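Going by the working numbering, the first residue of the sequence shown is number 410, and it counts up by one from there.
These are calculated hints, taken from the structure and not from any lab test.
Everything numeric in this text was worked out from a predicted model, so none of it was measured.
Errors might be hidden in some of the hints.
Claimed, not checked - Simulated restraints on C-beta separations: (1) Arg-577 - Arg-844: 45 to 53 Å; (2) Arg-468 - Val-771: 36 to 44 Å; (3) Ala-661 - Gly-791: 28 to 36 Å; (4) Arg-614 - Gln-479: 42 to 50 Å; (5) Ala-720 - Arg-662: 17 to 25 Å; (6) Asn-476 - Asp-826: 31 to 39 Å.
Just so you know, even glycine gets a beta-carbon here, dropped at the ideal spot from N, CA and C.
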Amino acid sequence: MARNGRRAELILLALAGLLLVLAAWLRGPEYDEAYSIFLTAGHARPAWPQAVFTAGSVRWLYAPHGNLGQIAHDLRQGDVHPPLYFWLLEGWRRVAGAGWFTARLLSVGFTLAGLAGLARLANLRGVAVAPVLMLALLSYGFLYTGILARPFALAQALDIWGVYALLRGDARGAILAGLCFGAAAFTDYLAVFTAGPALLWLAARAPRRAALLVGAMLPFLAACFWFFLAQHASRGGQFAAFAWSPALAALARDGGAALFGGLPLYAGGLRLAVTLLLALLALAGAGLAARRADGRLFLGFAAAAPCGLLALGVIFHNTPIEIRYLAFALPWVALAIAPGLPRPLLALWLGLGALASFGLMVSPLTMQPQGRAAHLAAAWPGAVVALPFGNDGVGVPGPFIAAAPDAMRLLLLRPGDVPPPGAVRVAIRADGASRAVSAAMGCAALVCGP
410 MARNGRRAEL ILLALAGLLL VLAAWLRGPE YDEAYSIFLT AGHARPAWPQ
460 AVFTAGSVRW LYAPHGNLGQ IAHDLRQGDV HPPLYFWLLE GWRRVAGAGW
510 FTARLLSVGF TLAGLAGLAR LANLRGVAVA PVLMLALLSY GFLYTGILAR
560 PFALAQALDI WGVYALLRGD ARGAILAGLC FGAAAFTDYL AVFTAGPALL
610 WLAARAPRRA ALLVGAMLPF LAACFWFFLA QHASRGGQFA AFAWSPALAA
660 LARDGGAALF GGLPLYAGGL RLAVTLLLAL LALAGAGLAA RRADGRLFLG
710 FAAAAPCGLL ALGVIFHNTP IEIRYLAFAL PWVALAIAPG LPRPLLALWL
760 GLGALASFGL MVSPLTMQPQ GRAAHLAAAW PGAVVALPFG NDGVGVPGPF
810 IAAAPDAMRL LLLRPGDVPP PGAVRVAIRA DGASRAVSAA MGCAALVCGP
């Protein structure tokens, strides 16, 4: 029986890998991924030509390789992330190639490692593996962050294996958990949303093991502090100022989107009805999970992400609430809810998750516009395409140029610049500078021809 169960897990992981690779291939390139690409290419802020140039002439900017010291320096100078993921991505790009899709494949591998850990956790707690893995994978936020060339997938995998080591219930497990949680924090500071409640849970039951866990984390936490000390003032205008009503509204909206993606967006006139159905389904799942001790434990882990984001908002007076951050709750939602759902409700949840995942891969309603804009602008071969430079020339032109044909002629515009006569105007509103340029273009659509 154990051998059959293991074979079934491997089949599930193989199918998950196919879905992740397909999603990584189909989904358009994103703003923040460009930071990963250029940071590991050795120039965190690429030097684009100031006159008209072709997309093919700047492909080399995506291809070079940095080094660990340069990556660490650039992160401390102008970013808000620790370096572990980017160090690994730099090594991966040296071995596997410098393409955008290739960079995403590293995250696919990390996501599969996280799902393997989730399977071990389900076995450890005596619950069926398949529903847990399927519910996690088909949660929009988990699939979304699981394919991006960003730190989320690695941090999730380390957190999952950290909880597995912790729940083994021995001193060695506590040390391994501390190492996993520490490495997760050195990947993404928000990984503490899992480490924090796990540590509190252990401290209430076994203080000595909790001390071992903290001791194993300390070297990573010290390194995190060294980076954060230099970074804490970076990207000061990234989020809106904090206020309770907008923050709670964003939490409800993005929390629902993390579970079910853009389903209400596709419903047209039935949007409100679909939203209410999804809310009732989520509340029913949480209520059923709360009846079980394990369900309450994992619901507590899941609640740490939204509570932590609200706490950060109060402390730093901003509103850092987004689907990708709330995705840290999703493995624990799956472990809490999947074992308690009756089969009809589980089938409904998984069916809705499959629809949301399909939308993630094909619907422009849930994708950033840069890649689609590049394909639309290619309909005017030979014309100059006027594109916003953006705040720092990374998140707007990086994904657009990556998706553009080599022969496309481009001109990057900063606020105050005017598109040349006959130019194709691209109105991307992704940051402050790109919104200003797009407004000045007088282009109501995403792409406006000459």
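Quick rundown of the hints versus the structure:
Hint check: Arg-577 to Arg-844, Cβ distance near 50 Å, so the stated range 45 to 53 Å holds. Against the hinted window of 36 to 44 Å, the Cβ-Cβ separation of Arg-468 and Val-771 comes to about 27 Å, which falls outside the hint. Between Ala-661 and Gly-791 the beta carbons are some 48 Å apart, a value that contradicts the proposed interval 28 to 36 Å. At roughly 44 Å, the beta carbons of Arg-614 and Gln-479 sit within the given window of 42 to 50 Å.
As the Cβ distance of Ala-720 to Arg-662 is approximately 19 Å, the hint placing it in 17 to 25 Å holds. At roughly 35 Å, the beta carbons of Asn-476 and Asp-826 sit within the given window of 31 to 39 Å.
The structure is inconsistent with the numbered hints 2, 3, although it conforms to all the rest.
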